[in-house]
Amino acid sequence: MTGVNLESITKRYGAVQVVHSIDLEVQSQEFVVLVGPSGCGKSTTLRMIAGLEEISDGKLTIDDRVMNRTAPKDRDVAMVFQNYALYPHLNVSENIAFGLRIRRESKEAIASSVDEVAGILGLTDYLERRPADLSGGQRQRVAMGRAIVRRPKVFLFDEPLSNLDAKLRTQMRAEIKRLHKRLGVTSIYVTHDQVEAMTLADRIVVMNDGRIEQSGTPMELFVNPVNTFVAGFLGSPPMNQVQAVLAKGANGPQALVGGTVIDLPKLDALQNDEGRKLVLGIRPEYVTIATKGDKNQVPLEIDLVETLGSEALLHALLDGVPFVIKSETIGQISKLDAVTGFTIDPDLIRVFDGETGDALPGQDRAV
Amino acid sequence: MTMSPHNAPIVEPVPVEDPYAPPKGMDRVVDHLKREWQLYVMLLPLIIWLLLFLYKPMYGLQVAFKDYSIFKGVANSPWIGFEHFETLFGNDQFIRAIRNTVIISFWTLVIGFPVPILLALMFNEILNATYKKWSQTIVYLPHFISSVIIAGIVITAFSPSAGIVNTFLGWFGVEPIYFLTKAEWFRPIFVGTGIWQEAGFQSIVYLAAIAGVSPTLYESAVVDGASRWQMMWKITIPSIMTTIIIMLIIRIGNILEVSFEMIILLYQPATYETADVVNTFIYRQGLQAGQYDFAAAAGLFNAVIAFVLVISANALSRRYSRTSLW
Amino acid sequence: MTNMNLYSRNDKMFVYLNMFLVGVFTLSTLYPFIYIAALSFSSGFEARAGNVVLTPVDATIAAYKQVLSEPAFWRSYLNTFIYTIGGTLMSLAFIIPGAYALSRPQLYGRRFWNLMVAFTMWFNAGLIPFFLNMRDLGLLDSYFGIIIGFAVNGFNVILMRNFFEGVPSSFEEAARMDGANEFQVLWKVYMPLAKPAIATIALFCIVSRWNGFFWAMVLLQDQEKVPLQVYLRHTIAKLSDDQEFSVTLIDAPYSVETVTAAIIVCSIIPVLLVYPFLQKYFNKGIMLGGVKE
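Sequence lines, in order, name chains A, B and C. Plus 133 on top of the position in the first sequence (first one is 1) and you've got this note's numbering. Plus 1085 on top of the position in the second sequence (first one is 1) and you've got this note's numbering. Plus 19 on top of the position in the third sequence (first one is 1) and you've got this note's numbering.
Think of the hints as simulated: they come from the structure by calculation, not from any bench. Predicted model, so just to flag it, every value in this text is computed and none were measured. Think of the CB as a built atom: it goes at the ideal place given N, C-alpha and C, for glycine as much as any other residue. A couple of the hints might just be wrong.
[To be verified] What follows is a list of derived Cβ distance ranges for each label pair:
| no. | chain 1 | residue 1 | chain 2 | residue 2 | range |
| --- | --- | --- | --- | --- | --- |
| 1 | B | K1109 | A | A204 | 17 to 27 Å |
| 2 | C | D160 | A | E238 | 44 to 54 Å |
| 3 | B | Y1303 | C | F39 | 14 to 24 Å |
| 4 | C | G128 | A | V500 | 24 to 34 Å |
| 5 | C | F138 | A | K300 | 48 to 58 Å |
| 6 | C | D160 | B | E1168 | 29 to 39 Å |
| 7 | B | R1184 | C | Y127 | 40 to 50 Å |
| 8 | A | E444 | C | L25 | 50 to 60 Å |
| 9 | A | S245 | B | R1113 | 41 to 51 Å |
[Claimed, not checked] When the alpha-carbon atoms are kept at most 35 Å apart in a straight line, the in silico DSBU-like pairs for lysine-lysine are as follows:
| no. | chain 1 | residue 1 | chain 2 | residue 2 |
| --- | --- | --- | --- | --- |
| 10 | C | K207 | A | K314 |
| 11 | B | K1218 | C | K214 |
| 12 | C | K207 | B | K1109 |
| 13 | B | K1119 | C | K207 |
| 14 | B | K1267 | A | K206 |
| 15 | A | K310 | C | K207 |
| 16 | C | K31 | B | K1217 |
| 17 | A | K314 | A | K381 |
| 18 | A | K240 | C | K214 |
| 19 | A | K286 | C | K207 |
| 20 | B | K1218 | A | K286 |
| 21 | C | K299 | B | K1319 |
| 22 | C | K214 | A | K206 |
| 23 | A | K240 | C | K299 |
| 24 | B | K1218 | C | K31 |
| 25 | A | K240 | B | K1119 |
| 26 | B | K1319 | C | K31 |
| 27 | B | K1119 | C | K214 |
| 28 | C | K257 | B | K1218 |
| 29 | B | K1267 | C | K257 |
| 30 | A | K206 | A | K286 |
| 31 | C | K244 | B | K1217 |
| 32 | B | K1141 | C | K244 |
| 33 | B | K1141 | C | K214 |
| 34 | B | K1267 | A | K286 |
| 35 | B | K1109 | A | K206 |
| 36 | A | K192 | B | K1109 |
| 37 | B | K1217 | C | K214 |
Isolated chain A, as found in the complex (with noise of 0.2 Å):
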């Protein structure tokens, strides 16, 4: 039904291009994230896509029509801002109803919109209430229903958690996935939090400098970053990215750092060229602690060990470099003292280039 289409979309201020001639192609009902660290321009795309701001270069499609000079009310798409915007004149249903007065919609229809919104969102005990008498997640969802007041092709979110306490934001990201699996309306999500990121999306979109990184599933964005930019922003801890040589061993491909081996994966790229530069891409979760004696580790020098509950953080050195490793504790809680290396399945490495950060073609995994 409805997607949305950017092809070769540019914003330019002056000289300056803050986004680079972008691809995206969102599907019917898809719930997309735009996500990265500030400044690079995930959010200028989003405001592209609502009118807000002007298409410098491009095609925007909605629902195949073009946009680029559309004026935003006539997008018939919807945004929640990062602060709400409610309008603190006016009480929740005055604010929920605002779009559909200015429309010039019937009393009659209005109410009862009002009403199945405030409904589905729980805020029908509030609708007399002004927006400072609520608290936090409240407002959040009066913004919510602001905007799916209007059944809008399209929701746009903008940061809409990023002013909420870490306990709300959980629930409220719980509840923005429920009412999309309800209402199954195309979303395009912006954030930087790259929790948010993976709990939500259908499709993940990594941003960076204006430019689209890499563009799939969460999971295959977790396992199969292009980059190590990619590797570095999803997961948390971010994945340890460790520079190495490249070595011939006897069983095949090893990577020298300093003076510790590892073996890596059997990469038709990894055959030749040693000496090559490379980045491993370990991730804290795929290691298995070692302690002495065990056979074929690599060796650590343990420095600090962070105790969440059920898991452990060790932060490390390996050769010198800062290395972390996520354990779980219950059952090894004795030996997370005792730690003196690691060891880790080759085929869980990933192994970039290390002059350009790309990965290695052929070590995709399925997921």
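Assemble the complex: chain A is given as a structure, and chains B and C must be docked to it using the hints.
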């Protein structure tokens, strides 16, 4: 774009008009106006008003260089160059008006400037909230009272027979003085009235600055054993120094702006000697005596100097505080 | 910090001395008003003799009777209401939409328009050209002339514009996505948000209109149209003249002094009525206007 084969003749690509690109040049302006015309409808009345009531008179300033005739109008009166200015600088009354303006401003500044600061510091040291609120409420009040009423109060209070001032003096055996006809009394009365009317209100700016001082500074001073007096000198005053200096710069910039309304209400021919300032001179020569062109020349002279002073003050304060005042 | 028991002897001395000095200043501000009020309720003879100090002497309301029986007083009072209400509404009608437009980043020539407003705060053509202009526009001796001729002042425009600029732009964007046009954005979103700023500016306008005197005196010849302040001025001028010529009204229960005092009281009362609102907003207003071009 696809690459053409190497042996194919090179064809200049025909620039295709991108139908989605934002419009350029004049089209862009037209497009903008189509979308945002409502903003200009909102702006237009304001701009027309400014042109009609403030900028048109600036155009009308040319009468200062003309032999203005009421029948010919501003535009058609003949030019006479700087004649009015020459007359002006040969006019003793005008020279006297300039001198009075500077002297009255000077005393207003020297005596009037520290009072609001002092008041703000004193208000700040009051601990009883009710007492503070009521005294503030009262000292702000005269600011909102018209100059006619203030002048009425002054005239009544200083009147020789009924006036309270002479009643007080009478208790000490002093003969009634007709203050408002005595040239030597005009300036003290005028400056004092100004302070009485405005000092309270002007203290608000400093109180706001004091309110911005972090309470932890005082708390740590208390822990260090400072007295209230020391805290005032070591914390409060240094903290509001920027505000004080900026206000001083503004006041110097506006030094020609003597509240001439009040002077018109208080002076009389007997006190012109010390009371007549440039604007009252202009008022008498222009609006009362009908010498529009001559009075406009005096006004232009005044406005240009005021403009230079204000602009310099603004530049100075911008440099000092990195914030401009408007 | 407010617990006096924690203070040293010297600090207590300091605090009490300070309270005393503030009290002196406050009373000296208040006293002239009390004096005028006392005068207005005293008999003409006692007032003339300079016997009124703090409270009415030979109390009478004769002066008020005299003032209130004067049709010109009522006429000027009515006129002041017309100028105040009409002028304030006129000011808001020019300032609010104009300041809103000036605050919008998408406005073409925004710097130029803003400079055009700011320049009027720095340079003023002066009394004579303004007067001649009003005459050329045919606005002498007219209610409309007074109401429109002083509708805008640059400071208020910039105050209002600063407030609008401080509103997060997402309010405008949200409203526009909801389908509102610029008029609706201003009317339904920004104006309700700006209520405190509008109240501040309205109060500034009310006070300056209520107190306005000079231009009303210069531009209005018709005594039927003059506001209270001009009427008051005429009465006070009479007082000065009377003093010069030593005219006394010994038989009358009122004197020029008591009548003047009574008019002053009558004209201050409305100011006192709006004063609580003024106090609430002028702090805010000063903060709003404080900074930036």
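Contradicted hints - numbers only | Violated hints (numbers, rising): 4, 14, 17, 20, 23, 28, 31, 34; every other hint is consistent with the structure.
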